[in-house]
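In order, the protein sequences belong to chains A and B. Those letters in the first sequence? Residues 1 to 143, by the numbering used here. Those letters in the second sequence? Residues 1 to 137, by the numbering used here.
By construction, these hints were calculated from the structure, which means they are not laboratory data. Worth double-checking, as some hints may not be accurate.
Unchecked claim - Derived CB-CB ranges, DEER-like: (1) B:Ala51 <-> A:Ile51: 31 to 39 angstroms; (2) A:Ile67 <-> B:Leu68: 17 to 25 angstroms; (3) A:Thr84 <-> B:Leu68: 38 to 46 angstroms; (4) A:Val66 <-> B:Leu68: 19 to 27 angstroms.
Unchecked claim - These stretches of chain A come out as covered by chain B in the derived footprint (C-beta under 8 angstroms, 3 or more residues): (5) 8–20; (6) 81–90; (7) 123–133.
Glycine residues also receive a C-beta, built at the ideal position from the N, C-alpha and C atoms.
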Amino acid sequence: MYINLDSVPWHAAAGGLMIGAAVTLLLLFNGRIAGVSGIVGGLYRMQQGDISWRVAFILGLVLSAVIWKFFFVLPEIAIETNYTMLALAGLLVGYGTRLGSGCTSGHGVCGISRRSPRSIAATTVFMLAGFMTVYLIRHVFTF
Amino acid sequence: MVNFMALLSGVVFGLGIIFSGMVNPAIVLAFLDITGNWDSSLLWVMGSAVAAGSIAFALAKKRKHSYLGSSMQIPAVTKIDSPLLLGSLVFGVGWGIAGICPGPAVVLAGTGSIDALVFLTAMLLGMGIYQNAQGRR
Numbered sequence: 001m002y003i004n005l006d007s008v009p010w011h012a013a014a015g016g017l018m019i020g021a022a023v024t025l026l027l028l029f030n031g032r033i034a035g036v037s038g039i040v041g042g043l044y045r046m047q048q049g050d051i052s053w054r055v056a057f058i059l060g061l062v063l064s065a066v067i068w069k070f071f072f073v074l075p076e077i078a079i080e081t082n083y084t085m086l087a088l089a090g091l092l093v094g095y096g097t098r099l100g101s102g103c104t105s106g107h108g109v110c111g112i113s114r115r116s117p118r119s120i121a122a123t124t125v126f127m128l129a130g131f132m133t134v135y136l137i138r139h140v141f142t143f
Numbered sequence: 001m002v003n004f005m006a007l008l009s010g011v012v013f014g015l016g017i018i019f020s021g022m023v024n025p026a027i028v029l030a031f032l033d034i035t036g037n038w039d040s041s042l043l044w045v046m047g048s049a050v051a052a053g054s055i056a057f058a059l060a061k062k063r064k065h066s067y068l069g070s071s072m073q074i075p076a077v078t079k080i081d082s083p084l085l086l087g088s089l090v091f092g093v094g095w096g097i098a099g100i101c102p103g104p105a106v107v108l109a110g111t112g113s114i115d116a117l118v119f120l121t122a123m124l125l126g127m128g129i130y131q132n133a134q135g136r137r
């Protein structure tokens with residue numbers, strides 16, 4: 001197989017390694033899966049002793065943007081979706097990830113890392129649904 | 001210490017999301033747009049994250065407790081059932097609409113983006129609706 005090295009998005013690969021490092025930290029030190037929807041969604045159970053680490057992780061995610069902004073300039077962020085569609089997308093993502101027990105991090109990264117058949121199935125389904133949705137929005141119902 | 005490690009993991013995770021470019025929904029949507037001007041970035045992010053994660057889970061498999069003494073909470077369920085598939089389908093549709101999934105949603109909110117706050121608020125509401133439906137069962 002031939003890979004043109006110029007076409008490799010090194011930033012993406014390096015950023016992925018950082019995400020992998022974060023997964024490793026939470027797993028080996030805390031025994032937890034770094035799945036963002038699961039960590040956030042678990043807060044709704046309000047179980048004593050199971051709240052603070054979740055809040056700390058979420059705070060870390062928020063802080064990462066603040067830390068980045070302190071040292072560097074944020075990369076370009078382009079959101080062209082309007083508020084109505086953003087709200088609809090958020091509802092679907094929130095409900096769907098809880099019903100399906102995971103998102104891109106929990107199933108896509110952690111699940112595939114541990115070769116979980118459930119996560120491989122879930123990742124296949126949400127990827128295909130994503131492809132289909134973008135196809136319909138960008139190439140079929142272009143209004 | 002457990003809370004500090006969770007905070008550190010969150011920070012590193014978020015920095016990875018920013019550095020990889022996944023904080024920008026346009027790049028995620030370009031990955032999902034397979035018949036358009038396709039951008040392979042997301043595949044590289046997942047590939048290298050899984051490569052590193054695979055080592056971590058191989059190490060974790062041999063352990064009963066984490067380095068900090070907590071139990072290893074790795075899901076034991078193996079059955080591929082309809083909630084898993086239906087939920088993933090619903091999630092994928094939402095992901096395809098905005099190009100935002102839960103991790104980047106929280107990081108984006110940290111950048112102060114109003115768009116992200118709209119998405120995040122709706123996402124938290126969606127999770128609440130699920131939890132409410134669960135509670136009444």
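These are the hints, each one checked on the structure:
| no. | hint | in the structure |
| --- | --- | --- |
| 1 | B:Ala51 <-> A:Ile51: 31 to 39 angstroms | holds (32 angstroms) |
| 2 | A:Ile67 <-> B:Leu68: 17 to 25 angstroms | holds (24 angstroms) |
| 3 | A:Thr84 <-> B:Leu68: 38 to 46 angstroms | holds (44 angstroms) |
| 4 | A:Val66 <-> B:Leu68: 19 to 27 angstroms | holds (26 angstroms) |
| 5 | 8–20 | holds (count 12) |
| 6 | 81–90 | holds (count 8) |
| 7 | 123–133 | holds (count 10) |
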